Structure formats: structure tokens, C-alpha cells
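Visitor: Chain by chain, the residues:
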Amino acid sequence: MAKVIFQRPKYLKENVFHYCPGCGHSIAHRLIAEVIEEMGIRGITIGVPPAGCAVLAYNYFDLDMIEAQHGRGPALATGLKRTLPDRFVFSYQGDGDLAAIGIAESFHAANRGENITVFFINNAVYGMTGGQMAPTTILEQRTTTTPAGRHKTLDGYPVKVCELLSQLPGVAYAQRCTLTSPAQVNKTKKAIRKAFQCQKDALGFSIVEILSPCPTNWKMSPIDACKWIDEVMSKEFPLDVFKDITPAAQKNTEAV
Amino acid sequence: MATKAIFSGFGGQGVLMMGYSLAHSAMNKGYHVTFLPSYGAEVRGGTANCTVAIAEEEIASPVASEPDYLVAMNSPSLFTFQNKITAGGVIFLNSSIIKDHPNRPDVDICSVPCSELAEEMGNSRVANIIMMGAFIKKTGIVTAEIYLQSLESILGSKKKSAAEINRRAFSTGFDYLKN
Amino acid sequence: MNKFLMSGNNIIGEAAIRAGCRFYAGYPITPQNELTEYMAEHMRNAEGGVFIQSESEVAAIHMITGAAAAGARVMTSSSSPGISLKQEGISSLAACELPSVIVNIMRGGPGLGNIRPAQGDYFQATRGGGHGDYRTIVFGPATCQELADLTMDAFDLADKYRTPVMILADGMMGQMMEPVIFKKPKPRQYSENFMLRGAGDGKSKIIRGLILDAIDMEEHNWKLARKYEVITKSEIRYETYQTDDAELVVVAYGTAARIAKGAIKRLREHNKVKAGLFRPITLWPFPETQLRSLSGKIKDFLVFEMSTGQMLEDVRLSLQGYADIGFHGRPGGAVPTPAELANVIARYYEKKD
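Residue numbers (our numbering), protein chains in the order written: chain A, 38 to 293; chain B, -13 to 165; chain C, 51 to 403.
Note that these hints are calculated values from the structure, not bench results. Check each hint, because a few of them may be wrong.
[What the hints assert, rightly or not] Label pairs and their computed distance ranges (CB to CB): (1) B:Arg153 x C:Glu87: 25 to 33 Å; (2) B:Leu163 x C:Lys349: 53 to 61 Å; (3) B:Gln135 x C:Lys234: 24 to 32 Å.
Predicted, not measured: the structure shown is a model, and the values here were computed from it. A virtual CB, placed ideally from N, CA and C, is assigned to each residue, including glycine.
Kindly generate the complete structure, drawing on both the sequences and the hints.
Guide: This is the structure we're talking about:
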């Protein structure tokens, strides 16, 4: 008898992703769907997709979902979670959505310690609108609105979301990961699971930042895009756990 | 037409309570009433005032362009409002604090040293209720009994002693005015 | 006794809680702060009640969007500049067909303007306000009692039509106290099917305003339009006062209408003008045919607004070609007395003769 070792996650719909070849969204979607399946929380989870490339996330997740206006995901998720405290609520946001137009909603949801999870897809560029500068575009990086490269005095500096939010007492868990290798993908999946676990244990705000390739707007091949994350982007945005107040993590810290 | 009164003084003198308690008692007597506090930047500390309108029919505007009564608990209140009072109206003065005399020969002046009377009672905070005693006696808008019932229901009946102090303060003002 | 002497702002809060509102988010702005404070004090005492002081008006409107999707009765409130910020979310609520109540305690504008009572947000309220092709039901209460009644009704209509409903009052209404009796709220009628609470073992649901296909979006627009048509047929409210023998009718709403009523009483007492009042209570849908029906025997109408003339356009749409329409406006926070307005009406009437 053949043993199934790989298949479509149960809670991804049978639709074909509209994402570009080599894009990280499809992997991130898959990981979230897998974790939801493994934790058995599909029936009690509500997702909030953003404006941006993942605007159609509800076409892929087989979950109850409500579309947020650009950047407002954490405010919407706050309303959902406060009304239904026993449901899992997550918002899925890009870098422009979270760190530019929605920085206030993100910052204050985190500061209130809203018991929600944010999946933050950082690809250092505005994807859907055609490759403009994002708040996380790194210095010297060329985009359609920084044609000569991002200039620190003219365009400002890349925003480091995990470093920023981890300062807030309301944040329970903040980790940055990436998707550039099977090992990294596995790490990311663990982080997603931990974030949901934080929510289950009512520890407060959890965020998983995922450095995600955008070959189309970076004008690279998918492989070069992954290399660029490993060699350039992750220097600017180090892969690390920035905050973890789960009991296990606290025990480890004490032991050290 | 509506009867209108302006209560004005420093923040902390309880002028909003004066207006509110009058409006409340008039409501209990079955009148239409409106109560409009001054609001916005100017009431954060400093002065406070409110306008009460009382009528047997619907009240069009809660604002008083020509009030019948002014209760001035301090000098700035007198200067601000004395020219608005309708001819034949009444100005109630807290004469403990206000040494100036109103410039209106055509209105009735009713001076009550309510701050001093309150000190004499040993409770400076009831100056406003003393003034209300004089106000109710002079205007007769509601009876003393209805007013006191309202006052007690506003302040809650949990503190019997407070109710008693207010009752005495009210009588002090009420009796201060000779017929 | 069940009669209370309360400020308009507090009355809205109390009426909302009695009507079963269990989620409120808001951001301080004068002259509606007392409403936010009332909700802070009382909402968390109500079973299941949530109060959040949000980081912005924008966040507040999206918080109530989430809570409305989850099935709660929701409300937010602000004053003019803050309502401008909420428009993104109001448009979204209309698109997603989520029941919600939004309170605007208007102040002087444009810009930061001032904090005095004004009626300059009529266009914004009655034309949808945000982007896209939609309307919101708009109530223009004129007394504190009406604030209580209409706040409760607003929740019922929001549920019935799955649409945002706006209470459009002004700083005077918000700050003023009047006696009020709270009516018994009706039991809520709203299907669980519309609520987003996790899919369970069933089919997953989506609530969204994003409809990329032009034909699908067109159909959604027409669906909303059909709903607005039903609302226009069934939900119009207005009051007439002394119009039976009137030679001139003043058209006014909210605070302006109560001042107009006072002015009309004076004019009749002094035997100057036999004036009457037409007062729209729903500003959208506007009582167009009801107003027009007066033009059969009355040919003089005077619109009075605390603005430079906004409802005036709706009155023109109703009466143009049927009667003469004059206008008197006091924008920017100026509130005339009934005596002043009576003089204006009398002068206008005399000039016409």
C-alpha cells in the first residue's frame, strides 16, 4: 500500500494560487493551514486578510475570514477577538500594511496585548501595486519609487517591526524567520505553531515575521531571491526570537 | 414662554449642581426643562456656568439670550452676565465674595453672603445650596419640599448626614431672605 | 419614577446599552467626550460588554467592524473631524453589509473648526460620506427624548437592513440635558447566519468588500441600491408642526428645527406670520414626496440650517418648480435665538409680498 507523505493541507481550498512563481505567500499560507489542521482549530479560527498581494487569501484558506481595509487588520481582529474571546483570530499582513499605513493599529493592538496573532510577510517591497518602496525596503535597494536606491536622508530607514514591537509589555512572542530553505521553512512552521499556542494560553499579542521572496519585483530568479534574503536582507533583519514569554522559554532563560 | 436662569462661578463652587438640581426639581414638578452647561476649553478649571430653562411647553432653545435670573457666585460671573438679564429680572449675588455692585438699576438685586453663611455652618462646600435656598424662596419656581426631594435623589440617600447638612444649608438660605 | 434628567451624550450611551449594544470603541473629541466616558463607565458592567478607547477614530471604526462581523451590536461615536477619519470604515461597513451605529455630534468646520454646535456635515452624512456607491440611514434628532428613541431604533434598522446607521446631532444636543424616558427595547432580530464565528465543521464564510470582477461588483452595487430603495420606501420619518393653515413653512432639522419651532410660536403669538414647520427626522432617506405634498397649497418655504446650505439641496430636489424656496444659514457654531429667527422669517415673508 502506498503511504501518503505529502498532500494539500486539509484547510487550503482547491484553488490555484495567484501568486507569482517563487513568491513566499503560498508557502506561508500552506504552513498556517498545516498548523491549524494539526492543532484542530479550523472550526474556531477566524482570519483577517490584508490589502496587498494576499488580499485574496480567503480564496485559499478554508476558514471564516473577513477582509480588512489596508492596514486595519489588527483593529478588526481586536473587535473579533474581544467579542469572541474563545476563538483563534489572526491577521495576515504585508510590510506596507503593517509597518506603514497600519503601524498605529499594529502598535496599539500589540501594546494592549490583544490576544491575537499577526503573520507579517516582509518582502521589502510593495508587491501588488508594482514594486514601490516599502517601509522595510533596505538602504540602497532599488524600487519603482526609489529608482536610485533607498536613500537614508531622502527616504528614511527600514522599519524593524519585531525589534520595535518586542519592546512592548503586551507582546508575548515575536520571532523573525524566513522560507529560503527546508530547514528555515520548518523553523517558520514551529514559530507559527508557537504563536497560536500563545493565543491558546492567552499570553497576549504574538507576531511571526517572515522574510519572504518577491522575485518579480526584485527582478531576480526565485533562487537568487532566496540568496538575497540569506546574504543581504537577513543582515538588515536578523533571524531571531525577539520576545518569548512562554513558560518553556522562561525556564530556559532561568537555566542559563 | 420659558423662564431662564444662568448659574455662574468658579469651578468647584458647585454651580453646575445648582442648575442641575433646579432643572431636576422643575422636571419633577412636571415642567419641560433644559440644562445646558458651558463646555469645551473654557471649563477645564477656571469658570463654570450653566443655563436652565423651565416652561410649561416644549422649550425651543436651551440658550438664554435674556435670562430672567442670574446667580453670580463670583465677580467675573457678574461682569460677564449682568447686561444680559432681562429688565425686571433678578441677580443673586454671593456677597461674601462679590464686593462690586451691579450696574443694572432695572433689575432686582438679591445679595446673599452664602460663603460666610456656609463657613458659619462649618462647611464651606454648601454655599451653593444656601444660595439655592434663597433662589427658591425668591423665585418660587418649585416648592422647598420638591426641591429638597430632588436634591436628595440626586445626591443619593446613602449618606443621611450629608442630606441633613444640605437640608440645613437650604433652610439657612431660605430663611436669610426676609419676605 | 423612570424619568431621567441626562445630557444628550449620556442618553445615547444609556439607550445603546439598553438596546443591547455590547461593543463600543471610540476616541476622545469634544463635544462628544461624555458619550465615550459613559460607555467606559457602564459598558464593562453590562454582561459581555466591551469598551475600548482606541488609538484613533480609524481604529475605532474597524474595531466595531470586527465586532459586528462577530455578531455583536456595535457603536462608535465622534465629532466632525473624527467622523471624516471614520469614512474609510463606514464605506467598508456598507460594502460588507454589517449592522452598526455611528454617532456624529457635529461641531463647526471645515478643518479643525471649533467645538460649537453646527450642521456642516449634512452632505457627508447623507451622501454616504466615504468612497463608493452607498448610503447610510441618517437620523437627525431634535430633542433628548428623540435621541433615546432613535438610538434604539438605529440598532433595529441596522440589523434589519444590515447597514450602518448614523445619528447626526450637534454639540448642543450632546451637551444639553432634558428629561428622558427610555422605552422598552425590542428583542433583537438578527440571523446567526450572518455572523462570523468560526466555520465549525461546516462551510467557511467570507465577509469582504473586495469584488474584483466588474460584473460581480456591479451586481453588488445594484443589490445595495435595491436595499436603499426599500429603505426609502419604508423608513422615512418626519414631523409637521402647524402646517395646516400655514402661509409659509420653515424646513429645518435637529437643533435648528427646535429653534425654528420657537420662532414659529412667537410669530403666531404676535399675529405676524402664519408659519409652520417641516422637520425631516430621517435625513437620508429624505422625506421628498412628503415635503412636496405640502406645496399643493403652500408656496413659500424657508430652509433654516446651521450651515451655508446643504439640506437646502434636498429641499430644492423636492420643491423646485412647485414653490419658492428661501434660505437662512448660521454656520460655524453660531446658534440664533428663536426671537432672532422669528425676525428673519417675518422679514423674508414681508419682502415676498
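Visitor: Give me the numbers of the hints this structure contradicts, sorted from smallest to largest.
Guide: none
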